[in-house]
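There are 2 protein chains.
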Amino acid sequence: MKKITVLKIGGNVIDNPEALKTFLREFAAVEGPKILVHGGGKLATRLAERLELKVQMVDGRRITDKGMLDVVTMVYAGLINKQIVAGLQAVGCNALGLSGADGNIVTARRRASEPIDFGFVGDIERVNADLLGNMLEDGLVPVFSAIMHDGHGTLLNCNADSVATSVALGATALAPVDLVFCFEKAGVLRDPEDEMSVIPEITAENYPPLKADGTISKGMIPKVENALKAVSQGVRSVTIRSSARLNDGIGTVIR
Amino acid sequence: MKKITVLKIGGNVIDNPEALKTFLREFAAVEGPKILVHGGGKLATRLAERLELKVQMVDGRRITDKGMLDVVTMVYAGLINKQIVAGLQAVGCNALGLSGADGNIVTARRRASEPIDFGFVGDIERVNADLLGNMLEDGLVPVFSAIMHDGHGTLLNCNADSVATSVALGATALAPVDLVFCFEKAGVLRDPEDEMSVIPEITAENYPPLKADGTISKGMIPKVENALKAVSQGVRSVTIRSSARLNDGIGTVIR
Chain Y
1 MKKITVLKIG GNVIDNPEAL KTFLREFAAV EGPKILVHGG GKLATRLAER LELKVQMVDG
61 RRITDKGMLD VVTMVYAGLI NKQIVAGLQA VGCNALGLSG ADGNIVTARR RASEPIDFGF
121 VGDIERVNAD LLGNMLEDGL VPVFSAIMHD GHGTLLNCNA DSVATSVALG ATALAPVDLV
181 FCFEKAGVLR DPEDEMSVIP EITAENYPPL KADGTISKGM IPKVENALKA VSQGVRSVTI
241 RSSARLNDGI GTVIR
Chain B
1 MKKITVLKIG GNVIDNPEAL KTFLREFAAV EGPKILVHGG GKLATRLAER LELKVQMVDG
61 RRITDKGMLD VVTMVYAGLI NKQIVAGLQA VGCNALGLSG ADGNIVTARR RASEPIDFGF
121 VGDIERVNAD LLGNMLEDGL VPVFSAIMHD GHGTLLNCNA DSVATSVALG ATALAPVDLV
181 FCFEKAGVLR DPEDEMSVIP EITAENYPPL KADGTISKGM IPKVENALKA VSQGVRSVTI
241 RSSARLNDGI GTVIR
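So the sequences go chain by chain: Y and B. Residues in the first sequence are numbered from 1 upward in steps of one, following this note's numbering. Residues in the second sequence are numbered from 1 upward in steps of one, following this note's numbering.
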C-alpha cells in the first residue's frame, strides 16, 4: 500500500442527515486504502433521557454506568455504525463496521477507578495491524465506532479522537498514514470568526509562538498538541478540516 | 476447508445470561470453521415499550416501521451482537460481528407492500461467499445479526432462521456445510413432554409418515420442511437441538 488515510468525524456531521450524506459521498471519493472512525453525536444522550437513565456527572464528565454503556453500544456500535456502513455501500464504498471486539481488532484497558471512577470507559491498549492490513488488502473500508473491549468480555466506551489516533499509529506498520480530523470549522483559524483565516501548516517549530501569542487557544490546544504527538510518533500528517468539501484541499496540516 | 458449521441461536438463549454464557463456551469449542447467526430475544420489544413506540400488528405480525427498525438495529446489530462477540473473544474465539451491510456480505430485498406492508422487512437475496471464505480462511468467526441491507442505503429486518439458512447455502460454495438450529428442546420430539423422545433422523423418505400421523405438528412443520429444503439445495445436514451441551451429540439430524 502506498498510503492509508484515517478519517474521523464527530457529532456535528452525524447529527445532521444532510451533512452526513454529503460527507459519505465525499469520503467514498477519497482515493486509496482508508479507514473511518466516528464519534457519537447527541442521539445517545437523547435515548438515555427517553429511558430516564440517571446521568451521573463528575467534574463535568459523564459517568458510563452499565445502563449508559448499553445505550452507547446500541447507538454507536449499532444504529450509527450500521447507518454509515449502509450509506457508504449505497455510494459504492465497501465499508465494514467494527467495534474493537470484532476480530479483536482494538483492545482497551478500563480506566483506573481512582481518583474518579468513570465506569465503563477505556483507553486504547493495542491495535491489531495485521487484521487491519488484511481488510485493506481485500478492498474493505473499516468503519470504527468508539466501542472497544478489554478482551475479557467487557465492552468499553472510548474517546473517538483517541481511537482515530491509535488506529492511525497502528496503521503506520502497514504504510505511511495521513490522519484527518473533520470538525465544524475549515481548519485551525487565526481568527475564530473568519473561516478564511485557516493556518495552512503547524509544525513543532511554529507551534510554540502560535500558542504563546494566543492564536491557538482553548479547545484547539489539545487538538493540535495531540496531532503533533501523533506526528512525532510516526503518523505522516494530521489534517484538521471541515467535513464538507472533503477533497478541496483546505485545512490545517500538522507535520 | 473440510467443513463449515453454521449455528443459529434464538431468543431463549439470548434472554438468559447464564444460558448464553454456557452456550458461548460450548460454541467456542466447536471444531473447524464456523459461523454464528443470532436472533433477537425480548430486549427489542422491551426497549420499544420503554420508548412508547406504537407497535403495529397485522395478522398477528409486527410491522417494522422506521422507529422499530432503529430499535432492532440498535439492539440486534449493536448491543446483542457486540455482547456476543466480546463474550466469544473472552473465551478465545476470534468472533467478528456482521450485519448484511458490513462488507456488503448479505443483501436483502424489501418485502413487497402488497398484500401487507410489513415495513422495513426483507428477504435474503444474495450472500457474498468470497468474503465469507476470506474471513474463515483468516481464522475469523463471523457472527451475524439478522439486520441486512438492500445495497441502496436502507437497512432491513430479516428473519434469523432465514439468514442462517441463506448463509449456510452460500457457504456450500466453500465446503460441505452442517447447519444447526438451537432451540429450547433437545430436538424434534416424538412426545413433546418427553425430552428423551428425540427423533434421531428425519429424511425426505421418513418425513411424510411422521407428518401424516401427527408426530410432527404445528411449529415443527415449517422448521423441518425448511431443513429438508436446505438439504435438497445442498446443505449437508441440518440439526435441530438444544443450545445447552452443544457437543453431546443429541439432536435431530435432517439429511
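Keep in mind that the hints were calculated from the coordinates and are not lab data. Treat each hint with caution, since some may be false.
If several chains are the same, the list does not tell them apart, and a pair holds so long as it fits within one copy or across any two.
As the list claims (entries may be wrong) - Using 27 Å as the maximum straight-line C-alpha spacing, the simulated DSSO-like pairs for lysine-lysine come out as follows:
no.	residue 1	residue 2
1	K66	K229
2	K66	K21
3	K54	K2
4	K54	K42
5	K223	K54
6	K42	K223
7	K66	K223
8	K42	K66
A quick look at each hint next to the structure:
1. K66 - K229: neither (33 Å within a copy, 43 Å between copies)
2. K66 - K21: Answer is between; shortest inter-copy Cα gap is 18 Å, intra-copy 32 Å.
3. K54 - K2: neither (48 Å within a copy, 52 Å between copies)
4. K54 - K42: both (16 Å within a copy, 23 Å between copies)
5. K223 - K54: neither (30 Å within a copy, 44 Å between copies)
6. K42 - K223: within (21 Å within a copy, 43 Å between copies)
7. K66 - K223: Cα proximity of K66 and K223: none, with 29 Å in one copy and 37 Å across.
8. K42 - K66: both (19 Å within a copy, 19 Å between copies)
In terms of the numbered hints stated before, the structure departs from hints 1, 3, 5, 7, listed from lowest to highest.
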